Amino acid sequence: MNIMRFFRRKTSKDVAKDRLKLLLISDRANCTPEVMEMIKNDLIKVISKYMEIDVQGVDVEILKTKTENGKTPALYASIPILNLKNTFGNS
Amino acid sequence: MCEVIVVTSGKGGVGKTTTSANIGTGLSELDKRVVMIDTDIGLRNLDVVMGLENRIVYNLVDVVEGNCRIKQALIRDKRHPLLYLMPSAQTRDKSAVKPEQMKKLIAELRQEFDYIILDCPAGIEQGFKNAIAGADRAIIVTTPEVSAIRDADRIIGLLEANEIGRMDLIVNRLRIDMIRKGDMMNVDDVVEILSIPLLGAVPDDENVVITTNQGEPLVGDRTPAGRAYENICRRILGEEIPIMEFESNETMWQKLSGIFKRA
Numbered sequence: 163m164n165i166m167r168f169f170r171r172k173t174s175k176d177v178a179k180d181r182l183k184l185l186l187i188s189d190r191a192n193c194t195p196e197v198m199e200m201i202k203n204d205l206i207k208v209i210s211k212y213m214e215i216d217v218q219g220v221d222v223e224i225l226k227t228k229t230e231n232g233k234t235p236a237l238y239a240s241i242p243i244l245n246l247k248n249t250f251g252n253s
Numbered sequence: 006m007c008e009v010i011v012v013t014s015g016k017g018g019v020g021k022t023t024t025s026a027n028i029g030t031g032l033s034e035l036d037k038r039v040v041m042i043d044t045d046i047g048l049r050n051l052d053v054v055m056g057l058e059n060r061i062v063y064n065l066v067d068v069v070e071g072n073c074r075i076k077q078a079l080i081r082d083k084r085h086p087l088l089y090l091m092p093s094a095q096t097r098d099k100s101a102v103k104p105e106q107m108k109k110l111i112a113e114l115r116q117e118f119d120y121i122i123l124d125c126p127a128g129i130e131q132g133f134k135n136a137i138a139g140a141d142r143a144i145i146v147t148t149p150e151v152s153a154i155r156d157a158d159r160i161i162g163l164l165e166a167n168e169i170g171r172m173d174l175i176v177n178r179l180r181i182d183m184i185r186k187g188d189m190m191n192v193d194d195v196v197e198i199l200s201i202p203l204l205g206a207v208p209d210d211e212n213v214v215i216t217t218n219q220g221e222p223l224v225g226d227r228t229p230a231g232r233a234y235e236n237i238c239r240r241i242l243g244e245e246i247p248i249m250e251f252e253s254n255e256t257m258w259q260k261l262s263g264i265f266k267r268a
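Residue numbers (the working numbering), protein chains in the order written: chain A, 163 to 253; chain B, 6 to 268.
What the hints contain is simulated information worked out from the structure, not anything from laboratory work. There could be a bad hint or two in this list.
Said to hold, decoys possible - Computed list of chain B residues with no C-beta within reach of chain A, every gap over 10 Å:
id, residue
1, R74
2, D98
3, D158
Said to hold, decoys possible - No farther apart than 27 Å at their CA atoms in a straight line, the calculated lysine-lysine pairs in the DSSO-like style are these:
id, chain 1, residue 1, chain 2, residue 2
4, B, K76, B, K134
5, B, K83, B, K103
6, B, K37, A, K179
7, B, K83, B, K37
8, B, K186, B, K16
9, B, K186, B, K108
10, B, K134, B, K109
11, B, K134, A, K175
12, B, K76, B, K109
13, B, K103, A, K172
14, A, K183, B, K109
15, B, K16, B, K83
16, A, K183, B, K37
17, B, K16, B, K76
18, B, K186, A, K175
19, B, K103, B, K76
20, A, K172, A, K207
21, A, K179, B, K109
22, B, K16, B, K99
23, B, K134, B, K103
24, A, K211, A, K247
Predicted model, so just to flag it, every value in this text is computed and none were measured. Beta carbons: idealized from backbone N, C-alpha and C, even for Gly.
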């Protein structure tokens with residue numbers, strides 16, 4: 163049993179620690195769900211000027227990203243494109 | 006010189022009241038004049054943990070509203086001559102007291118005592134704001150669980166925003182058996198996440214339940230938690246005492262078999 167544990171990659175404590183670290187980054191960034199929603203809506207507004215996007219599928223979140231100074235929080239936005247508008251090519 | 010310490014956690018049920026009772030009692034046993042104030046209006050508990058529930062006449066709200074003098078609301082603990090308790094009101098709510106009134110009360114108590122221990126209610130609302138209003142420093146109690154640590158982090162942020170002088174951490178209810186298996190975060194893990202100075206580590210000890218049943222804090226007893234609390238009190242007084250090494254509870258046989266299992 164113990165040997166199994168030894169070879170297993172992650173103990174439950176490691177899982178807890180990783181989850182907490184990620185969670186506290188967004189907690190500390192003071193990004194309330196309302197603020198995140200506002201950012202998301204503004205992004206939709208801007209991007210929609212240039213392309214047709216799947217508004218329901220837009221996902222904005224704060225994640226950790228590796229940089230030279232270790233891990234720092236980063237804003238990730240996943241915005242599915244439905245159709246590229248050709249209007250901006252003409253103007 | 007009087008020091009005002011608020012014991013807080015954010016999450017409920019992590020051991021704030023037990024910690025307050027043991028720190029208050031422990032400091033008085035080390036010859037300090039101590040008053041403990043239960044600031045949890047509506048849900049008072051420090052009196053019953055201390056075994057002083059039958060001696061309440063006046064309470065914190067009576068003092069603040071001017072129904073009695075401060076001295077009338079202070080219960081002297083006969084077992085510890087330097088220890089007093091100001092109980093909270095049970096039939097009122099948090100809005101009965103304002104931060105300014107707490108500051109005024111604490112300013113008066115500072116003349117008479119070496120330490121004022123404020124037992125803070127759970128949450129971050131009015132009760133929390135009252136409790137931290139007059140405090141010089143804070144002790145944050147947490148357990149090695151994700152929910153308690155998350156709330157502790159939030160509390161630390163709020164205390165920083167309120168420019169509290171100093172913050173220290175107590176990690177409560179550590180289970181050595183689970184830590185050894187990798188199923189519970191250890192003290193270092195918690196300190197790494199919260200990054201504030203560590204004041205103490207208290208093992209999960211059934212004696213806490215037994216002594217709370219009896220209404221007497223266990224600080225100073227020859228039990229794992231009793232020793233941990235005594236060390237915390239001595240550290241508050243400025244003594245340099247290393248954090249308890251739980252691994253030393255391991256018997257020789259356990260250590261040996263551990264080595265074989267790992268190989």
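How the hints compare with the structure:
no.	hint	result
1	R74	holds (44 Å)
2	D98	holds (27 Å)
3	D158	violated (5 Å)
4	B:K76 x B:K134	holds (24 Å)
5	B:K83 x B:K103	violated (31 Å)
6	B:K37 x A:K179	violated (39 Å)
7	B:K83 x B:K37	holds (15 Å)
8	B:K186 x B:K16	holds (26 Å)
9	B:K186 x B:K108	violated (46 Å)
10	B:K134 x B:K109	holds (14 Å)
11	B:K134 x A:K175	violated (33 Å)
12	B:K76 x B:K109	holds (15 Å)
13	B:K103 x A:K172	violated (48 Å)
14	A:K183 x B:K109	violated (39 Å)
15	B:K16 x B:K83	violated (32 Å)
16	A:K183 x B:K37	violated (39 Å)
17	B:K16 x B:K76	violated (32 Å)
18	B:K186 x A:K175	holds (9 Å)
19	B:K103 x B:K76	holds (20 Å)
20	A:K172 x A:K207	violated (42 Å)
21	A:K179 x B:K109	violated (42 Å)
22	B:K16 x B:K99	holds (17 Å)
23	B:K134 x B:K103	holds (8 Å)
24	A:K211 x A:K247	holds (9 Å)
Violation of the numbered hints given earlier is confined to hints 3, 5, 6, 9, 11, 13, 14, 15, 16, 17, 20, 21; the remaining hints are satisfied by the structure.
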